[in-house]
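Enquirer: Spelled out from the first residue to the last, the chains are:
Number of protein chains: 2
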Amino acid sequence: MKVVVAVKLKSGVLDPQGKAIGHALEGLGYDGVTDVRVGKLIELDIAETDREKARSAAESMAKRLLANTVVESFEISVP
Amino acid sequence: MKVVVAVKLKSGVLDPQGKAIGHALEGLGYDGVTDVRVGKLIELDIAETDREKARSAAESMAKRLLANTVVESFEISVP
Numbered sequence: 001m002k003v004v005v006a007v008k009l010k011s012g013v014l015d016p017q018g019k020a021i022g023h024a025l026e027g028l029g030y031d032g033v034t035d036v037r038v039g040k041l042i043e044l045d046i047a048e049t050d051r052e053k054a055r056s057a058a059e060s061m062a063k064r065l066l067a068n069t070v071v072e073s074f075e076i077s078v079p
Numbered sequence: 080m081k082v083v084v085a086v087k088l089k090s091g092v093l094d095p096q097g098k099a100i101g102h103a104l105e106g107l108g109y110d111g112v113t114d115v116r117v118g119k120l121i122e123l124d125i126a127e128t129d130r131e132k133a134r135s136a137a138e139s140m141a142k143r144l145l146a147n148t149v150v151e152s153f154e155i156s157v158p
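Here the protein sequences line up with chains A and E, keeping their order.
Under the working numbering, the residue at position 64 of the first sequence is numbered 64, and the numbers go up by one with no gaps.
If you want the working numbering, it's the position in the second sequence, counting the first as 1, plus 79.
The set of hints was computed from the structure by calculation and includes no laboratory data.
Here the structure is a predicted model, which means the values were calculated and not measured.
From the three backbone atoms N, C-alpha and C, an ideal C-beta is built for every residue, glycine too.
Some hints here could point you the wrong way.
To be verified - Subject to a maximum C-alpha distance of 25 Å in a straight line, what follows is the list of computed BS3-like cross-link-like pairs (lysine-lysine):
no.: 1; chain 1: A; residue 1: 40; chain 2: E; residue 2: 98
no.: 2; chain 1: E; residue 1: 98; chain 2: A; residue 2: 63
no.: 3; chain 1: E; residue 1: 142; chain 2: A; residue 2: 53
no.: 4; chain 1: E; residue 1: 119; chain 2: A; residue 2: 19
no.: 5; chain 1: A; residue 1: 40; chain 2: A; residue 2: 8
no.: 6; chain 1: E; residue 1: 132; chain 2: A; residue 2: 53
no.: 7; chain 1: E; residue 1: 81; chain 2: A; residue 2: 19
no.: 8; chain 1: A; residue 1: 19; chain 2: A; residue 2: 40
no.: 9; chain 1: E; residue 1: 87; chain 2: A; residue 2: 8
no.: 10; chain 1: A; residue 1: 63; chain 2: E; residue 2: 119
no.: 11; chain 1: E; residue 1: 81; chain 2: A; residue 2: 53
no.: 12; chain 1: E; residue 1: 119; chain 2: E; residue 2: 132
no.: 13; chain 1: A; residue 1: 40; chain 2: E; residue 2: 119
no.: 14; chain 1: A; residue 1: 2; chain 2: E; residue 2: 119
no.: 15; chain 1: E; residue 1: 142; chain 2: A; residue 2: 63
no.: 16; chain 1: A; residue 1: 53; chain 2: E; residue 2: 98
no.: 17; chain 1: A; residue 1: 2; chain 2: E; residue 2: 132
no.: 18; chain 1: E; residue 1: 87; chain 2: A; residue 2: 40
no.: 19; chain 1: E; residue 1: 89; chain 2: E; residue 2: 142
no.: 20; chain 1: E; residue 1: 89; chain 2: A; residue 2: 10
no.: 21; chain 1: A; residue 1: 19; chain 2: E; residue 2: 132
no.: 22; chain 1: E; residue 1: 142; chain 2: A; residue 2: 40
no.: 23; chain 1: A; residue 1: 2; chain 2: E; residue 2: 98
no.: 24; chain 1: E; residue 1: 98; chain 2: A; residue 2: 19
no.: 25; chain 1: E; residue 1: 119; chain 2: A; residue 2: 8
no.: 26; chain 1: A; residue 1: 19; chain 2: E; residue 2: 142
no.: 27; chain 1: A; residue 1: 2; chain 2: E; residue 2: 87
no.: 28; chain 1: A; residue 1: 2; chain 2: E; residue 2: 89
no.: 29; chain 1: A; residue 1: 10; chain 2: E; residue 2: 119
no.: 30; chain 1: A; residue 1: 8; chain 2: E; residue 2: 98
no.: 31; chain 1: E; residue 1: 87; chain 2: E; residue 2: 132
no.: 32; chain 1: E; residue 1: 142; chain 2: A; residue 2: 8
no.: 33; chain 1: E; residue 1: 81; chain 2: A; residue 2: 40
As the list claims (entries may be wrong) - Far from chain E, by Cβ distances over 12 Å, these chain A residues were calculated:
no.: 34; residue: 12
no.: 35; residue: 14
no.: 36; residue: 16
no.: 37; residue: 52
no.: 38; residue: 69
no.: 39; residue: 70
no.: 40; residue: 71
So here's chain A without its partners, still in its complex pose (with noise of 0.2 Å):
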């Protein structure tokens, strides 16, 4: 069963690579992007045909190891 994390920073997090991207948007002549923030994307194939048990163990992993829960915030989706 499919999975998605979707790990994004928390609000009030300095975003760099955002900030780069925004630049750049810029340098390409995008003028109306105001904001940019990076996050990732992770999608888990996981040996589970239960949706809940799949998404309590995806959270789980989101929480010892995908996020770094200090600067991140995830959601969780079983699509």
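With chain A fixed as given, assemble chain E onto it according to the hints.
Expert: Using the frame of chain A, we list chain E on its own:
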């Protein structure tokens, strides 16, 4: 207006970062993870009120800068 661009490696393209995460999860005792793929999640704040215009601007940005369409595909969503 917020626009989210999800950039993923095309299928068939090797993903060493995903492999490393898979091995790390195995090391932590998560046995059921058969595959891990890592992508990027780029949140753009665009000074535009029309959803379709914001989407097409993001599509243009994705093609020109945000995604390497040789090895990556992207999806745009306007939440």
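Enquirer: Are the hints correct? Go through all of them and say.
Expert: Here's how the hints hold up against the structure:
{"no.": "1", "hint": "A:40 - E:98", "verdict": "holds, 15 Å"}
{"no.": "2", "hint": "E:98 - A:63", "verdict": "holds, 19 Å"}
{"no.": "3", "hint": "E:142 - A:53", "verdict": "violated, 37 Å"}
{"no.": "4", "hint": "E:119 - A:19", "verdict": "holds, 15 Å"}
{"no.": "5", "hint": "A:40 - A:8", "verdict": "holds, 7 Å"}
{"no.": "6", "hint": "E:132 - A:53", "verdict": "violated, 40 Å"}
{"no.": "7", "hint": "E:81 - A:19", "verdict": "holds, 16 Å"}
{"no.": "8", "hint": "A:19 - A:40", "verdict": "holds, 16 Å"}
{"no.": "9", "hint": "E:87 - A:8", "verdict": "holds, 16 Å"}
{"no.": "10", "hint": "A:63 - E:119", "verdict": "holds, 19 Å"}
{"no.": "11", "hint": "E:81 - A:53", "verdict": "violated, 32 Å"}
{"no.": "12", "hint": "E:119 - E:132", "verdict": "holds, 22 Å"}
{"no.": "13", "hint": "A:40 - E:119", "verdict": "holds, 5 Å"}
{"no.": "14", "hint": "A:2 - E:119", "verdict": "holds, 17 Å"}
{"no.": "15", "hint": "E:142 - A:63", "verdict": "violated, 33 Å"}
{"no.": "16", "hint": "A:53 - E:98", "verdict": "holds, 23 Å"}
{"no.": "17", "hint": "A:2 - E:132", "verdict": "violated, 32 Å"}
{"no.": "18", "hint": "E:87 - A:40", "verdict": "holds, 10 Å"}
{"no.": "19", "hint": "E:89 - E:142", "verdict": "holds, 14 Å"}
{"no.": "20", "hint": "E:89 - A:10", "verdict": "violated, 28 Å"}
{"no.": "21", "hint": "A:19 - E:132", "verdict": "holds, 23 Å"}
{"no.": "22", "hint": "E:142 - A:40", "verdict": "holds, 19 Å"}
{"no.": "23", "hint": "A:2 - E:98", "verdict": "holds, 16 Å"}
{"no.": "24", "hint": "E:98 - A:19", "verdict": "violated, 28 Å"}
{"no.": "25", "hint": "E:119 - A:8", "verdict": "holds, 10 Å"}
{"no.": "26", "hint": "A:19 - E:142", "verdict": "holds, 19 Å"}
{"no.": "27", "hint": "A:2 - E:87", "verdict": "holds, 14 Å"}
{"no.": "28", "hint": "A:2 - E:89", "verdict": "holds, 16 Å"}
{"no.": "29", "hint": "A:10 - E:119", "verdict": "holds, 16 Å"}
{"no.": "30", "hint": "A:8 - E:98", "verdict": "holds, 21 Å"}
{"no.": "31", "hint": "E:87 - E:132", "verdict": "holds, 23 Å"}
{"no.": "32", "hint": "E:142 - A:8", "verdict": "holds, 22 Å"}
{"no.": "33", "hint": "E:81 - A:40", "verdict": "holds, 17 Å"}
{"no.": "34", "hint": "12", "verdict": "holds, 15 Å"}
{"no.": "35", "hint": "14", "verdict": "holds, 15 Å"}
{"no.": "36", "hint": "16", "verdict": "holds, 14 Å"}
{"no.": "37", "hint": "52", "verdict": "holds, 14 Å"}
{"no.": "38", "hint": "69", "verdict": "holds, 16 Å"}
{"no.": "39", "hint": "70", "verdict": "holds, 18 Å"}
{"no.": "40", "hint": "71", "verdict": "holds, 15 Å"}
This entry does not satisfy hints 3, 6, 11, 15, 17, 20, 24, going by the numbered hints stated previously.
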